[in-house]
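Residue numbers (the numbering used here), protein chains in the order written: chain A, 1 to 256; chain B, 1001 to 1111.
No wet-lab data here; the hints were simulated from the structure. None of the hints are false.
If we take Cβ atoms under 8 Å as the criterion, some of the chain B residues that face chain A in the derived model are:
| no. | residue |
| --- | --- |
| 1 | VAL1024 |
| 2 | CYS1041 |
| 3 | LYS1045 |
Backbone N, C-alpha and C define an ideal beta-carbon position, used for all residues, glycine too.
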Amino acid sequence: MPQLMDKVQFRTALENAIKGKSANKAPFSIAWASGKLSRGHLARWAENHFHYVGPFADYLACIYARMPDRYVDAKDFLLANMYEEEIGGDRHTDLLIRFAEACGTTRERVMDPNNMSPTTRGLQSWCYAVSMREDPIVAVAGLVVGLESQVPSIYRKQTPTLREKYKFTDEEVEFFDLHIVSDEIHGERGYQIVLEHADTVDLQQRCLKICEIGAQMRLLYTTALYWDYVAKELPIEELGLVEPSVLAYERELLQA
Amino acid sequence: MPKIILHRGGTPYEGEVAENTNLVVRAGIKQFPYPNLRYGCGMGKCCKCASRVLNGVEHLPEPNWKEKKLLGHRLQEGYRLMCQLWLTHDLEIEQDAVPLTPLPSQSAAAD
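In isolation and in its complexed conformation, chain B is listed as follows (with noise of 0.2 Å):
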């Protein structure tokens, strides 16, 4: 089973989750990593679930066209938005205190 480590606000949070679990989905459903996971639309429009990945990112598949439109250069920097991951590895992600707001409709068509 995944082992997921969540920093927020300067304390981790750890649990297991089940293979193929999508962390945003636990959330909804009150589930680890709840209430400290932030997130939003869970369509891949907010940016509110975007992570920083510390560890574990070789396990991730390559992102997809929403986080490239939504992240953009972000991504080089290890920002991934969970809504769109479904994990079958272990996983330390980072929120930053401010959540990130999507890029413009123009740069992201820029990608």
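Pulled out of the complex, with its shape left as it was, chain A reads as follows (with noise of 0.2 Å):
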């Protein structure tokens, strides 16, 4: 029988549901890592991602709606988070399509979504359900805690190959540079948040596992542009560096 937490030993285990799946272990951001993708394959990437990450206000803000008014921090919380993606300092997503551009696609390309996956809508269409339908507590752990706080840690890996391997200027990786500092707040908030509030023992397992199929999800993302954008020219074998147990493990994501 699981015991309730403390909030060390809580923060411990969230670390942990997050860790095992890891987008940084999918075959697309090794490539990326790397060096091996091409500009063209960084503006697919982009068409993506402008998707899952441009309505994360909108997320949020479904989530701040339904957190109860006594939680005024968490709330606070939520304000700032949405507040500095759109407008506290440059528009998070226009940094991304200044990215995007320079990878040779253009703005109305990146904002159409008929241009994006159908792995990438599946997850946003996961972060609209999660965040309309979840206990806020248990989505504010799904999508700031399983999602945003896995940010920096994936771009403090391929922020510095933009510049060295990619040869992208400052401007032009902005987008990267910004995330690994808003995000770390954006994540810390997130966790403040669960850590604080999930205070029964069921909801620190639904917090758990809602942080394990989060990054599931976006590990299956990562993957599917991978397989969709990336392997007819680069196959799996020329990147080398590829768990077996992790790939079968998207294989498994991908066929269920």
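Assembling the complex is the task here: the two chains are given apart, and the hints tell you how they should meet.
Following this line, the structure appears as structure tokens:
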């Protein structure tokens, strides 16, 4: 029988729930980090990524509306995250579009929902479903802890490569630089909300489960990017570094 | 654990933070140096978190492209952007009464 965890134990459990299925291990991420993608591949990534992260403030707004009034700090944290995504400085999606344009695609193509893959549409739909239907604390665990808090570690790995191997300029990769800071703030706020308010065994277990599912969803999305856009030009054998167990797990996900 | 001293409005505020901490991230979740550290966008755009380093500069990394672009010659006066720094050692900083503003982009381009 699971027991109620204190905040330190619960945080470790949340981190472990995400860790095993980190998107860092997906073949698309490995190809990216090793400098093997073309600008065309990165353009397809941007065209898909826009539809996953573009509505992030919308997802948070749904959670915000359902968060109980008495959780004032939690509501304020969500509002701050929304503000920063959209109007705190540069709009985050504008920076993504700047990167996309440097990869050779256009604002129109990026914003056109017809250019996202079915898997990206699935991830976006899952995010909407969680934000509208789950207990708001569980939803924060899924979207902010499970998804958003992964971003700094992914971009810390990918951003130096964009400069050194792909030869993008500082301005072109600002989207990645900013998320190393902003998503650390956002992810930490998510942890604070979940650690404070998941105060029953049932809520804690549901938060752990949805973190695991969120990480699976992101891994599924990243994996599909490889198979949809890259695999024909860059066969998996050429990546070399992929762990067989991770690949097997990804194939299971795609077949499920 | 790095010990941080922030001077603002003539008052020193002291606290300890975990290694590899970004002070703006901490303030963003309402932990020390909140509410005394002034910050804004958290993305190296607004300069509101700019602080003059009084002690501990030797442990900081070289300024990154955003700090060079926004702060320019003010780097020589000891200013750094707290949102761009992850701290591993003790640091003593001061924030002015009036926040710095970013250099206009033309002069930034000349830096």
